[in-house]
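Number of protein chains: 2
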Amino acid sequence: MKKHNFSAGPCILPPEVLQQASEAVINFDDLDLSLLEISHRSKNFVAVMERAQALVRELLEVPEGYSVLFLQGGASLQFVMAAFNLMKAENGKAAYLNTGTWATKALKEARRLGEVVEVASAKDQNFNYIPKNYEVPNDADYFHLTSNNTIFGVQIKDFPQTEAPLVCDMSSDIFSKPINVSDFGLIYAGAQKNMGPAGATVVIVKDELLGHTGRDIPAYLDYQTHIGKDSMFNTPPVFAVYVSMLTLEWIKAQGGVKAMQKRNEAKAQAMYGEIDRNTCFEGTAARDDRSTMNACFLPKAGVPTERFDELWKAAGINGINGHRSVGGYRASMYNALPQESVDALIEVMQNFEKEQG
Amino acid sequence: MKKHNFSAGPCILPPEVLQQASEAVINFDDLDLSLLEISHRSKNFVAVMERAQALVRELLEVPEGYSVLFLQGGASLQFVMAAFNLMKAENGKAAYLNTGTWATKALKEARRLGEVVEVASAKDQNFNYIPKNYEVPNDADYFHLTSNNTIFGVQIKDFPQTEAPLVCDMSSDIFSKPINVSDFGLIYAGAQKNMGPAGATVVIVKDELLGHTGRDIPAYLDYQTHIGKDSMFNTPPVFAVYVSMLTLEWIKAQGGVKAMQKRNEAKAQAMYGEIDRNTCFEGTAARDDRSTMNACFLPKAGVPTERFDELWKAAGINGINGHRSVGGYRASMYNALPQESVDALIEVMQNFEKEQG
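Note that the protein sequences, when read in sequence, are chains P and R.
Here the first sequence stands for residues 1 to 357, where the numbers follow this note's numbering.
Here the second sequence stands for residues 1001 to 1357, where the numbers follow this note's numbering.
Check before you lean on any hint, since a few could be wrong.
What the hints assert, rightly or not - Cut-off 30 Å, straight-line C-alpha distance, at most; resulting in silico cross-link-like pairs (BS3-like, lysine-lysine):
#	chain 1	residue 1	chain 2	residue 2
1	P	108	R	1003
2	R	1105	P	206
3	R	1206	R	1262
4	P	2	R	1043
5	P	88	R	1313
6	P	206	P	252
7	P	88	P	105
8	R	1003	P	43
9	P	206	P	258
10	R	1313	P	43
11	P	313	R	1206
12	R	1313	P	105
13	R	1043	R	1105
14	P	300	P	252
15	R	1088	P	93
16	R	1123	P	229
17	P	88	R	1088
18	P	132	P	258
19	R	1093	P	108
Claimed, not checked - Some chain R residues flagged as far from chain P (calculated, every beta-carbon gap over 10 Å):
#	residue
20	1008
21	1092
22	1213
23	1250
24	1273
25	1315
Don't read these hints as lab results, they were simulated from the structure.
In this text, a Cβ means the ideal position worked out from N, Cα and C, and glycines have one as well.
With the hints as constraints, model all of the structure from the sequences given.
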């Protein structure tokens, strides 16, 4: 039975990508060797790394003066690397917008290296909205944002204009819509939502921002190390980079990030429409800040969730249990999730409502 | 045509492992979902992580009081983490044995954090031997070794006994033979030789050594972070951990690391026997320090290598070009390389010698 996979991440990938990835594990590029057992310096894998980087540039229209890297360690290592690379050694000062669990973790890592100004926090309402009308100190070395919050289902719709370079963790919405890369100094994202499997991290960094902190940075943590070695400073996560490349090719073939945006907005509109209409459920995120990626909703008081859980499981739906910090349900609708999966969930919600009378 | 894969790493993996890995990319555990698209917190993947850790413990007979972790970033990130976790913040002092490219890199990372004593270096002879009879300062926070040098083909056969805890980068020979884990304070290894594909790193650390540096360690770099979260502090490299688990199961089914040692010694004996016998070639490493994993050899003066290259390529042999720092040839004979591949290479060397008359 085909599953409707709403997993929050690692998450659904296109079936064509999975098919190609599966084949490459046995025989890659007709070499009669597995992708897993060839040198990362072979011309076949170097071509994969170059193609993956070129696709990032093409899909996001990355301007000149930016480097594109594939690293390891996920966003959690980027919390450390962003601060090491951009916060000045003397009187370092960074600004952070606190929009949830991951933003809080990023901010804590920066505090080890210098002063951190939390310009605003949505903690007062369990991170169910994106704070606005905050002030960012002009003398901050950078201003850090988390574009989408998978746990609470809120998303920044308009990025602020600031003196300080913008640093953005886009782990859960990169490649879901167009962005203006030149507005940012640093973008990073774990691959395991819209871009590929767990194990690779993409970094897009403005070269001129690097090398000015006066800080002695460990080699692995220094973006300049990886830029100088074309993401081959050490053995890269070969398979995760390859599957990311395949997924980026798929995005391109589908019409690029504009086409993704159109699909994602249609899915989100249908999903939130049902959440608002259905008398058994209610959304948790502030309406203006609702994420197109992750729709969080709670059963209304007295609604028997056991029966609802039976119904969606019977319909082949997977992964809609909410995060423990919010409870209820979360429908994650990343790029590869088809409209028919959203329609299937909506049908279950409607049938459940009818049953409840 | 079946290839004889002598790649130095990423390297050959058992065909059964590749088959299972390929299938899991389409349908994992009969979930009708790919391994790449399920939550790392699902019970199916948690079972993989636990099994992988348990197999490390079983195969290496890891004693109580040690933690086993699966991380990202390869040995290169461990160069940084080892120093952050073990070198004291005040008057920190570490000892390093310099046996090659990777040892040199490890040592450089430690220098950023404190005093480093290079107890001996084999640089004077292009790292073609393992220094002996060096003194390790008793007050060193730790003593760092690299057990096997893939580039120059030398391997430590007997580990020293020191006051300072031993830290060892075993990236290229872990699981190739039994080791006495209790002799070490910290062992780390990138997976991509004997253990699995690129993208996972195994760490075995003695718990009582941690937490005593007085250093503020970034969360991702702190072993205690990962121990406290059972290697799930952030999304682990799911596929690389899974394939490592499969490879460790394979090692177990073959008879464990003692059986691997027997096979590896037989392969190395045959290979070095031919290098010494054949009048066209000569080995580069000091005899007592020759690696069972990587046999490096050079053509003797006047030997026409183009013809030799033709012959081994025609025999389906892959990956025996030497590293640019040494030149010539390198036959890497990791666990999964069968004796028949070594025999095939030896046959080519013998045929070539006959041709040369």
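Evaluated hints:
no.	hint	in the structure
1	P:108 <-> R:1003	violated (50 Å)
2	R:1105 <-> P:206	holds (27 Å)
3	R:1206 <-> R:1262	holds (28 Å)
4	P:2 <-> R:1043	holds (20 Å)
5	P:88 <-> R:1313	violated (53 Å)
6	P:206 <-> P:252	holds (24 Å)
7	P:88 <-> P:105	holds (20 Å)
8	R:1003 <-> P:43	holds (17 Å)
9	P:206 <-> P:258	holds (23 Å)
10	R:1313 <-> P:43	holds (16 Å)
11	P:313 <-> R:1206	violated (44 Å)
12	R:1313 <-> P:105	violated (52 Å)
13	R:1043 <-> R:1105	violated (39 Å)
14	P:300 <-> P:252	violated (41 Å)
15	R:1088 <-> P:93	holds (27 Å)
16	R:1123 <-> P:229	holds (24 Å)
17	P:88 <-> R:1088	holds (24 Å)
18	P:132 <-> P:258	holds (26 Å)
19	R:1093 <-> P:108	holds (28 Å)
20	1008	violated (7 Å)
21	1092	holds (14 Å)
22	1213	holds (14 Å)
23	1250	holds (14 Å)
24	1273	holds (26 Å)
25	1315	holds (13 Å)
Hint compliance for this structure: hints 1, 5, 11, 12, 13, 14 and 20 are broken, all remaining hints hold.
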